[in-house]
Amino acid sequence: MAVQFKPLGDQAVLVYFGNIISEEVHNSIKKFMYTLEKNWVDGLVEMVPGYTNVCVYYDVMKVAGWEMEGHSPYEKIVCYLRALLHEETEMPVENSRIIEIPVCYGGIYGPDLEEIARYHHLSEQQVIQIHSGKEYLVYMLGFAPGFAFLGGLDERIATPRKDTPRLKIPPGSVGIAGRQTGIYPLETPGGWQIIGRTPLQLFLPDQNPPALLRTGDRIRFVPITEKEFRELAGEA
Amino acid sequence: MTLTILKPGLMTTVQDLGRIGFRQYGVIVGGAMDAVSYRIGEMLLQQQPQAALEFTLAGPTVRFNCNAVFCLTGANFEPILNDRPCTMWKPVFAEKGSILKLSSCREGARGYLHIKGGIQVEKILNSCSTYIRAGIGGFKGRPLKKGDELPVRESVPSQKGKWGILPTNGPSFHQDVVIRVVKGTEFDRFTEESKKAFFQNAYKVSKDADRMGYRLIGEAPLATIESFNLLSEAVTFGTIQVPPNGQPIILMADCQTTGGYPKIAQVVSVDLPKLAQLQPFSKIRFQLISLEEAQRLKIRQEKALKLLESLISHSS
Chain V
1 MAVQFKPLGD QAVLVYFGNI ISEEVHNSIK KFMYTLEKNW VDGLVEMVPG
51 YTNVCVYYDV MKVAGWEMEG HSPYEKIVCY LRALLHEETE MPVENSRIIE
101 IPVCYGGIYG PDLEEIARYH HLSEQQVIQI HSGKEYLVYM LGFAPGFAFL
151 GGLDERIATP RKDTPRLKIP PGSVGIAGRQ TGIYPLETPG GWQIIGRTPL
201 QLFLPDQNPP ALLRTGDRIR FVPITEKEFR ELAGEA
Chain Y
1001 MTLTILKPGL MTTVQDLGRI GFRQYGVIVG GAMDAVSYRI GEMLLQQQPQ
1051 AALEFTLAGP TVRFNCNAVF CLTGANFEPI LNDRPCTMWK PVFAEKGSIL
1101 KLSSCREGAR GYLHIKGGIQ VEKILNSCST YIRAGIGGFK GRPLKKGDEL
1151 PVRESVPSQK GKWGILPTNG PSFHQDVVIR VVKGTEFDRF TEESKKAFFQ
1201 NAYKVSKDAD RMGYRLIGEA PLATIESFNL LSEAVTFGTI QVPPNGQPII
1251 LMADCQTTGG YPKIAQVVSV DLPKLAQLQP FSKIRFQLIS LEEAQRLKIR
1301 QEKALKLLES LISHSS
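These protein sequence lines are chains V and Y, in that order.
Mapping of the first sequence onto my numbering: position 97 corresponds to residue 97, and the numbering continues sequentially without gaps.
Mapping of the second sequence onto my numbering: position 139 corresponds to residue 1139, and the numbering continues sequentially without gaps.
Simulated from the structure, these hints should not be mistaken for laboratory data.
Quick caveat, the model's predicted, so the values are computed rather than measured.
Just so it is clear, CB atoms sit at the ideal spot from N, CA and C, and this is done for glycine as well.
Mixed in with the good hints there might be a few duds.
[What the hints assert, rightly or not] Subject to a maximum C-alpha distance of 20 angstroms in a straight line, what follows is the list of computed PhoX-like cross-link-like pairs (lysine-lysine):
1. Y:K1306 to V:K62
2. Y:K1306 to V:K6
3. V:K6 to Y:K1195
4. Y:K1101 to Y:K1090
5. Y:K1195 to Y:K1283
6. Y:K1096 to Y:K1007
7. Y:K1283 to V:K76
8. Y:K1195 to Y:K1183
9. Y:K1298 to V:K62
[Stated by the list, open to error] Output of the computed footprint for chain Y on chain V, the stretches with three or more beta carbons under 8 angstroms from beta carbons of chain Y:
10. 9-19
11. 44-56
12. 102-109
13. 126-136
14. 146-160
15. 165-175
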């Protein structure tokens, strides 16, 4: 698919690299973001990756002052971003981080593990093995601060949301909703099936960047015991 | 040097221009809902945008525990300073021990109390704005309560300035408005009837209208030509999305950074303050304009604000 540009209102533009969730589309997004960062100019505000696009926020007044008289700020920003698509950027060979997320599965930390196992005619141990047995790619962050949209949950443990959402899900809870899996950064109501909890903090307001996970990271869930959970949580 | 909250009012929070630069980590922008009133207030105090108070429909009552200069902007909450009506849109001196009482507003929805020197709260991720859901920023990451003591700087009477904006020249707030929009990213995926209905019918703001978003009520539910699964992507202040029930939601200053509902339209940035000043049950009609026009309007507004700022600095 050719790269497409669409305005998101009068202060942002979406740059589309495809229309499906795929690692290939994601890699184009990552490369574009990397190139844009290297070519950051006054007038650009910030960028937000989605599954298939990058949203670039810009300052209308500043971009209006760029060269190319007679063109609207939108035309100018698209022209600038389009030129970057042809930029030959050397991406660092291995710039993808692998992050291990310790998770205490089941019990009080994962109240829905038993139900999920029953639903799929698996043992709890098998569900844990499947969930922690592969790497997940962080496609984007959103929904809540530090919340990562992860790709590729195994079909064998994909489970519909709960009929009645819980009013309170503690931070660090690891859940499943359909073919998605994710970690709640904050205490929030929600309908995901909760299978475990991590003692790690996902949202780090005192740090920059303020999130443990970043777009492009690969993560792996590592099963831990309740005792290890308490030790790690105590240190945090 | 503090200011005591004697009565909190409704949804009174510390705000500035918002948290910019962290949306890619899922951190919302927040900031003053009516950014134009907010910016004018800070200009009148001749300072770079500082932490101010925003309140909604019912204003707070505060006591100044030191000499302070303040300025009120936004909707008119019938301010009373020490039993006397107090001017808005003008720097005012409050002697130590003064009590400023704000009531409710007949028109508009949000008011701002600006303090010379700003409310002294710590910046988190480059902003003083209150991020309620995450419990950070502003004053203890939450709306204000009775008895809260907000740190402020002491001022002297000479800092109050002689300038102000006549009430007739300030922004006016109506509850029956035309809001200009540009097409949303999924505009063409809505049925012809839906597109027509969106612009022809008036929408009512429901009681579910807060800093995160306004749920609207219209006559006919809006529908897309075919149902499709939209992948999450960036959304912003002013994005009008349509969930499966067909009744649009306008996202406001505290909206999430990403969303997955089809977007029929986007409010142009110059009309966001007008939107921020709507009370529940107000009426909205949407009008489509071109992106070029929206950006021209934005540039004109910014130039007008710049002019105002230079007029103030020449009067002093």
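To see whether the hints hold, each was checked on the structure:
A threshold of 20 angstroms between alpha carbons decides the hint, and for K1306 of chain Y with K62 of chain V the separation of about 14 angstroms falls inside it, so the pair holds. About 30 angstroms separates the Cα atoms of K1306 of chain Y and K6 of chain V, which puts this hinted pair outside 20 angstroms; it is violated. A threshold of 20 angstroms between alpha carbons decides the hint, and for K6 of chain V with K1195 of chain Y the separation of about 19 angstroms falls inside it, so the pair holds. Annotation: proposed proximity of K1101 of chain Y to K1090 of chain Y holds, straight-line Cα distance about 16 angstroms (limit 20 angstroms).
Between K1195 of chain Y and K1283 of chain Y the CA atoms are separated by roughly 18 angstroms; this keeps the pair inside 20 angstroms, and the hint holds. Annotation: proposed proximity of K1096 of chain Y to K1007 of chain Y holds, straight-line Cα distance about 18 angstroms (limit 20 angstroms). The suggested pairing of K1283 of chain Y with K76 of chain V is violated, with an alpha-carbon distance near 36 angstroms, which exceeds 20 angstroms. At roughly 10 angstroms between alpha-carbon atoms, K1195 of chain Y and K1183 of chain Y fall within 20 angstroms of each other, so this suggested pair holds.
Taking the CA atoms of K1298 of chain Y and K62 of chain V, the gap is about 12 angstroms. The hint holds against a cut of 20 angstroms. Under the rule that three or more residues need a Cβ within less than 8 angstroms of chain Y, the assignment of the region 9-19 of chain V holds, with 5 such residues. Figure legend: the region 44-56 of chain V, annotated as covered by chain Y; annotation consistent (10 residues with Cβ-Cβ distances under 8 angstroms, at least 3 required). With 0 residues having a beta carbon nearer than 8 angstroms to a beta carbon of chain Y, the region 102-109 of chain V misses the requirement of three or more and the stated coverage is violated.
For the region 126-136 of chain V, the assignment as covered by chain Y is violated, since 0 residues bring a beta-carbon within under 8 angstroms of that chain's beta-carbons and 3 are needed. Counting residues of the region 146-160 of chain V whose C-beta sits closer than 8 angstroms to any C-beta of chain Y gives 3, which meets the bar of three, so the coverage hint holds. Residues of the region 165-175 of chain V lying with their CB closer than 8 angstroms to a CB of chain Y number 0, which falls below the three-residue condition for coverage.
The structure does not agree with the numbered hints 2, 7, 12, 13, 15 stated previously, though it agrees with the rest.
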